[in-house]
Every structure is written in structure tokens, then in C-alpha cells.
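2 protein chains.
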Amino acid sequence: MVTHIANSNDPRLDDFRNLNQSDNRPDLPGGKGLVIAEGPLVVERLLASRFPVRRVIGFPAKLESFFAQPGIAQLMGGVEVYSLDRPTLAEVAGFDMHRGLLASADRPAALPMDEVIGNARTVAILEGVGDHENIGSMFRNAAGMGVDAILFGNGCADPLYRRVVRVSMGHVLRTPFAHFGGKSTTWHKELALLQEAGFHLVSLTPDHQAEHLSDALVDSSGKPYEKVALLIGAEGPGLRERTMRSTNIRARIPMAEGTDSLNLATAAAIAFYERQRSLR
Amino acid sequence: MVTHIANSNDPRLDDFRNLNQSDNRPDLPGGKGLVIAEGPLVVERLLASRFPVRRVIGFPAKLESFFAQPGIAQLMGGVEVYSLDRPTLAEVAGFDMHRGLLASADRPAALPMDEVIGNARTVAILEGVGDHENIGSMFRNAAGMGVDAILFGNGCADPLYRRVVRVSMGHVLRTPFAHFGGKSTTWHKELALLQEAGFHLVSLTPDHQAEHLSDALVDSSGKPYEKVALLIGAEGPGLRERTMRSTNIRARIPMAEGTDSLNLATAAAIAFYERQRSLR
Numbered sequence: 001m002v003t004h005i006a007n008s009n010d011p012r013l014d015d016f017r018n019l020n021q022s023d024n025r026p027d028l029p030g031g032k033g034l035v036i037a038e039g040p041l042v043v044e045r046l047l048a049s050r051f052p053v054r055r056v057i058g059f060p061a062k063l064e065s066f067f068a069q070p071g072i073a074q075l076m077g078g079v080e081v082y083s084l085d086r087p088t089l090a091e092v093a094g095f096d097m098h099r100g101l102l103a104s105a106d107r108p109a110a111l112p113m114d115e116v117i118g119n120a121r122t123v124a125i126l127e128g129v130g131d132h133e134n135i136g137s138m139f140r141n142a143a144g145m146g147v148d149a150i151l152f153g154n155g156c157a158d159p160l161y162r163r164v165v166r167v168s169m170g171h172v173l174r175t176p177f178a179h180f181g182g183k184s185t186t187w188h189k190e191l192a193l194l195q196e197a198g199f200h201l202v203s204l205t206p207d208h209q210a211e212h213l214s215d216a217l218v219d220s221s222g223k224p225y226e227k228v229a230l231l232i233g234a235e236g237p238g239l240r241e242r243t244m245r246s247t248n249i250r251a252r253i254p255m256a257e258g259t260d261s262l263n264l265a266t267a268a269a270i271a272f273y274e275r276q277r278s279l280r
Numbered sequence: 001m002v003t004h005i006a007n008s009n010d011p012r013l014d015d016f017r018n019l020n021q022s023d024n025r026p027d028l029p030g031g032k033g034l035v036i037a038e039g040p041l042v043v044e045r046l047l048a049s050r051f052p053v054r055r056v057i058g059f060p061a062k063l064e065s066f067f068a069q070p071g072i073a074q075l076m077g078g079v080e081v082y083s084l085d086r087p088t089l090a091e092v093a094g095f096d097m098h099r100g101l102l103a104s105a106d107r108p109a110a111l112p113m114d115e116v117i118g119n120a121r122t123v124a125i126l127e128g129v130g131d132h133e134n135i136g137s138m139f140r141n142a143a144g145m146g147v148d149a150i151l152f153g154n155g156c157a158d159p160l161y162r163r164v165v166r167v168s169m170g171h172v173l174r175t176p177f178a179h180f181g182g183k184s185t186t187w188h189k190e191l192a193l194l195q196e197a198g199f200h201l202v203s204l205t206p207d208h209q210a211e212h213l214s215d216a217l218v219d220s221s222g223k224p225y226e227k228v229a230l231l232i233g234a235e236g237p238g239l240r241e242r243t244m245r246s247t248n249i250r251a252r253i254p255m256a257e258g259t260d261s262l263n264l265a266t267a268a269a270i271a272f273y274e275r276q277r278s279l280r
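Going line by line, the protein sequences match chains A and B. Under the UniProt record's numbering, the residues of the first sequence are numbered 1 to 280, in order. Under the UniProt record's numbering, the residues of the second sequence are numbered 1 to 280, in order.
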């Protein structure tokens, strides 16, 4: 069932070749890489996800302990599994991969926006967020604090990059996401769709004139809005003015005088926490 | 006033030699490195701090624009300034330092605990936090959200490491900190000092039995405690049981089922936010 591969040139290992460059695959549709999961936790989450898994590879001992975990066997289906030694994997990947357990998957069809927001009560919407680590952290924090979906506006990095998958601890494979389809200059108009679906749209901004975050998530009687979308812009520029103008309210996390704004993923985590808190 | 140095072996550049190893200086007291600030924002914060600045070095253009900023000249005092070119700095530092502006300072005497907690209303206490990036992020977030001081229990990394200074954006040079002096096994007994000083001690834990964070920061009538100390343990093990037993209450940030705990600095940021929110 597990085939051992000794030759690093074996084409059955091609999914994992030169991993530091694996996010760019001119030979694949859209030039985008396969989805790569690293380590037992993330590989398990990939196997349990909607993503069509292609291969699992690993050091013999790592595969053995992985398959000994309860529930893994049922997740495997017909996935090909190859074992290989550490030096062979280092040659394939291009660097020493001490984790020693990896899986690849094809990119599935994008989820339709309607389906993603269908039953969602809390969503995050990103604009211009190009940092893979921030996107990964946001998926991790969103999952932890009950955010149902993440929606991508204009100018965001690909959430299926290897680094995002890793930093998210695999949550990007579980939490549904979708992209707005409009042009870079007009995507914010699609926010009206969410308003029609009953979402209260909240722009996060460091602007001192904005409402305190905790006030922005409840109505005038102190009741939390039934559905909330939290909009988050890039560190530095933040959300564009016209995007904020398409939302219901601007909210700030108060900061002490003379300090810097928070890291983006941290600010998002606080907003997710406040939303969850408002629903207690 | 600014002296140009062309020879990378010039001893006046020694403070900045092999920066990747500069945190270990067997030739200095305690074997600890000098304090190194990188980039204009952090160098400015170092100049404005209680730390005795030794030298400022930089590319000629970087120094020029730095000194053109309002207020910088007054902060300089008698600090030596040397300009050098990018290849010279790369030879000194051991890698290409594109920021091109650096400063060094001696480690000042530690602040006495009494002085650090004297006027503080909110403090964070760390135990077993060895990750420099987490410590740096905590100082950044603490400054942003009005935490007055950070106190170190047993087993924490040195807050004056180069990486901490950088990640904290220089806030480790501004926010007072102090170390508990007791033995590794008994330091938690010193927490009684804080209780005597009127602090309500709150242990952060992922334990489902713990109180919701927002309830733990207010008394039974909903009034925020006058002084609060937030205790934060390492990612993974968390606070030790006997440390938590020395505190007034255990508090959790609620997490969705089947998700991982938050990154340490993120959890701390949420606690800082909740404390600030309770004082509105």
C-alpha cells in the first residue's frame, strides 16, 4: 500500500519538487501551484477537506505514526502514498524538510459567493491584503473565533499559497472563502449584495473619528446585528475610502497616543473576538 | 560631526559586527549583547529612551534624512555618528542591511520592580515565554493598548535581543519592564507582592472551565478592577498550575470546537483590548 521511492527523480514525486518555487506552476491552469499540506495536523485537515487530494508522501516512520492515528485510514480513500528517506525528500523539495510528511491536492472549483455567504452569520472581507502570513493568521483566528467565511475583494494574495496553508494551520482548507468577481476599481459595489443579504458592513480603520469597535457591532438598543461583515484593509494604506463609503459604519480599535497601529492579523483577531463577545 | 568610515575593520564599528551573532557577547557583562536599534523609527525611540546610546551609524543619505526630521538633533547629545557605504556595512554586519540606519546602546541597570509597578494600572506578566517574536509583538501591542508595564517570571527570553527590539518596533525601549528575582521554582510566590499592591491577578488559559475573559476583568457588580495583572504562559504548555493557583482567577478567550489555541501574542492582544474596553 505504501510504495518506497529511492530515486529523487521519480516523477511520482513531482508534486513536491522545488517547494520554495511551487506556488508558481506555469504548467498548471492559471499558473498556480498545487495545494501543499505540511505536517500531520495540516495533512489530516487536507484529507478531511473538500480538496481533491493527490498524494501523501513522508518518511517511513512519520507515515507509520500518521496512519496509526484514529480516523486517518477512513480519510485516505484511494490516495497514493509514497515513503522516502530524508535525503531523498531534501533533494526533491530543495531543502531539508524535517517535518517529513506532506500531501498535495488539486485546486477545486471556486465556491460560489452565494453558497459561501448562504448560512454565514459573520464574515471577514479583505481588500489589498498581500501578505501571506497575515492571510494565514486570519484564517487561523477566524476558525478559532467562529467567523464563518472569508471573502476576498481586490488586490489580495492567493489564499492557497503554501505559506498561507501552513500559517493557517490548515484552516484555509476548512473555512469557506470566495472572491468578488468585479473589476479592481469597482469590486466594492458588490458589497451591496451582502447588504441585500442582511449583513451589517463594518470597516475597520485606525481613524480616531470612527466608532469604538464594540459600539459598531450592536444597534442603538445594544443588540448585536444578526449578520456582520468585517472589512479589513492592508497594513499601511488600510481600506480604500470608496470601499469604506460602501459600508454601514467605520470602527476603530482605540490605540494609545504615539503608538503604531496593530498588526493586521492582530486587529482582525480583536474584531473577531468582539463580534463573538457581542453574541454571548 | 559625522565621520565617514571606509574600512570595515575600523574598531569604531565594532558595536555592529556580525549582527546575527550580536546577542551573545562573551566579552560583555553577563555575556549579553548591546541593544541594537534598526531603522529610523526604532533609532529615534532609542534616542528618546532611558538607554545610554553609544553610536549611530548609517548610509550617508539615510543619516541626512534622519537628521532632517524635527526633534532628532535635540535627542543626539554627544552620541558619535559614523557614515559608511552599503558594502562596508554589509561586511561589518555580516549581511546586506538595506535599512542602512542603526544605533547601539548599553544595557542600563534593571528597573526595580517597585518602581515599575508603582503607578501602573495594567501590567502583563509572562512565564516561560521563550519566543522573541512573541515577546516583541507583546511589547508592541501593550504600548498600543495602554498596558503600563511587562513583568517577567521564570523562563522567558531576553527582551533586549535584537529581534525583540525590532519586532516591538522599539516599544521594549519605552514600556518599563522588570524581572521577578526568585528561583525558577518559587518565583510565582512573588506574585503576592502584586496582590499586596492591589492588583487583581488574571491567568489566561484555554481551559474551558475558566471564566470568560470579559467577566474575569470586572467584579461582581460589573465594575472593572482598579489594577489588573494579566498572566500569560508559553504557547503549548501555558502557565504552570502552581502559578495559576497564585492568581485570583482563570480567564479564557472562547474558542470554537476543534480549533487550535490562538498565537500567544494574539491572545495577549485580545486580553489587553478587553482590559482597555473594561475601563471605558
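Keep in mind that the hints were calculated from the coordinates and are not lab data. All of these numbers come straight from a predicted model, not from anything done at the bench. A portion of the hints provided could be inaccurate.
[To be verified] Stretch-level coverage of chain A by chain B, calculated; a stretch enters the list once three of its residues show a Cβ under 8 Å from a Cβ in chain B:
| # | stretch |
| --- | --- |
| 1 | 88-94 |
| 2 | 142-150 |
| 3 | 268-274 |
[Unchecked claim] In silico SDA-like pairs for lysine to any residue, Cα to Cα no more than 20 Å straight-line:
| # | chain 1 | residue 1 | chain 2 | residue 2 |
| --- | --- | --- | --- | --- |
| 4 | A | 62 | A | 223 |
| 5 | A | 223 | B | 62 |
| 6 | B | 62 | B | 8 |
| 7 | A | 223 | B | 8 |
| 8 | B | 223 | A | 166 |
Glycine is no exception: its CB is placed at the ideal position from the N, C-alpha and C atoms.
Now the hints, each set against the structure:
1. 88-94: violated (count 0)
2. 142-150: That given contact holds, which follows from 4 residues of the stretch 142-150 of chain A lying within Cβ reach (below 8 Å) of chain B.
3. 268-274: holds (count 4)
4. A/62 with A/223: Not OK: residue 62 of chain A and residue 223 of chain A at ~50 Å, beyond 20 Å, violated.
5. A/223 with B/62: violated, 52 Å
6. B/62 with B/8: The hint holds at about 18 Å.
7. A/223 with B/8: violated, 65 Å
8. B/223 with A/166: Given that 20 Å is the threshold and the Cα spacing comes to 42 Å, the pair is violated.
Figure legend: structure checked against the earlier numbered hints; hints not met, in rising order: 1, 4, 5, 7, 8.
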